[in-house]
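First to last, the sequence lines map onto chains A and B. For the first sequence, the numbering used here assigns the number 19 to the initial residue and increments by one for each residue that follows. For the second sequence, the numbering used here assigns the number 15 to the initial residue and increments by one for each residue that follows.
To be clear, the hints were calculated from the coordinates, so they are not data collected in a lab.
Computed, partial: chain A to chain B, Cβ under 10 angstroms:
(1) W25
(2) A33
(3) T36
(4) A44
(5) G45
(6) V55
(7) G60
(8) I63
(9) L64
(10) P74
(11) F87
(12) L90
(13) L94
(14) L97
Which residues of chain A face chain B? A few of them, derived with a C-beta cut under 8 angstroms, are:
(15) T22
(16) S32
(17) L53
(18) A56
(19) K59
(20) L91
Reference listing, derived: stretches of chain A covered by chain B, where coverage requires no fewer than 3 residues with Cβ under 8 angstroms from a Cβ of chain B:
(21) 46-52
(22) 67-73
Heads up, the beta-carbon is just placed ideally off N, CA and C, and yes, glycines get one too.
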Amino acid sequence: MTATRAWMILVGLSALSTLAAASGIAGPWLAVAVLPVAGLKGRVILNHYLHLAQAPEIARGFSLVLGLFIALLIGLAILPSA
Amino acid sequence: MTANHPLSFSQISSGGPGGDAPPASPSAQAPDRPGPFDKLPGEFMMWVLIVSELLVFGAGLIAFLAVRSTDPAGFSEAQSHLHRTGAGINTIVLVTSGWLAALAVQAAEAGRIARMRTLLAPAAALGIVFLVLKASEYADLAAAGISFETHAFFTFHMLLTGFHAAHVLAGVGLLALVGVLARPRAVETGAAFWHMVDLVWVLLFPVVYLL
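Assemble the whole structure, with the sequences as input and the hints as a guide.
Here's what the structure looks like:
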């Protein structure tokens, strides 16, 4: 993936987060909508701007930790409404 | 970009060339095997910094949401005083700046120094735009009589975004420095720091400004 395509994906994902927040979704559903998008953006930056795509084993490790981190954030975000 | 950092992880572990580590055991003198981090792109020490920073900010965001779960109404009310639109614009500003920095690395590797500087200059300028928007949010909060101590939300908000803004400021200086040095390795390292700043923001923004 080129740097320009990575940038276009990041802008698109940012627009998606903004649309979700502006759509009136609130509470736990907003967390479920925007936090995975943030995780995807993080993966794009790690793999294509920081070039972890060249080291697939390390990229998988980062993706796993990032995924667990996002899952923990979603859990904490929906805690008040549980 | 290749993983050609001067010292491999295995060399660092054994004290490095010319280091004062004790003589290596026979098993350690076996022919070099690729270390677990030899494939890591860029400078190894920059990755140590990136992981350290991600852990610090990650812990901060976890603490933020843990405290928020004790007072969701108070956090929601406090959040309404922030510049959400400005923060959204700042996301695009940083993402675009990171793109320009990535293109600058490619230009440096191709030996196109003038193009590299032409790309790094707006990348750094967008960092300053980010800081101006952030400063305007802080100024409006201060004008409304809101400080660190007003509510736990603002304590976290100012600590997390203030610490991040300090990194943006450092990153702007770093981009200017590597633009002057014009060495591909330096540009790559400076850009890696800038991408780390970008990465922290894309994780921080939804937690502090949207939820």
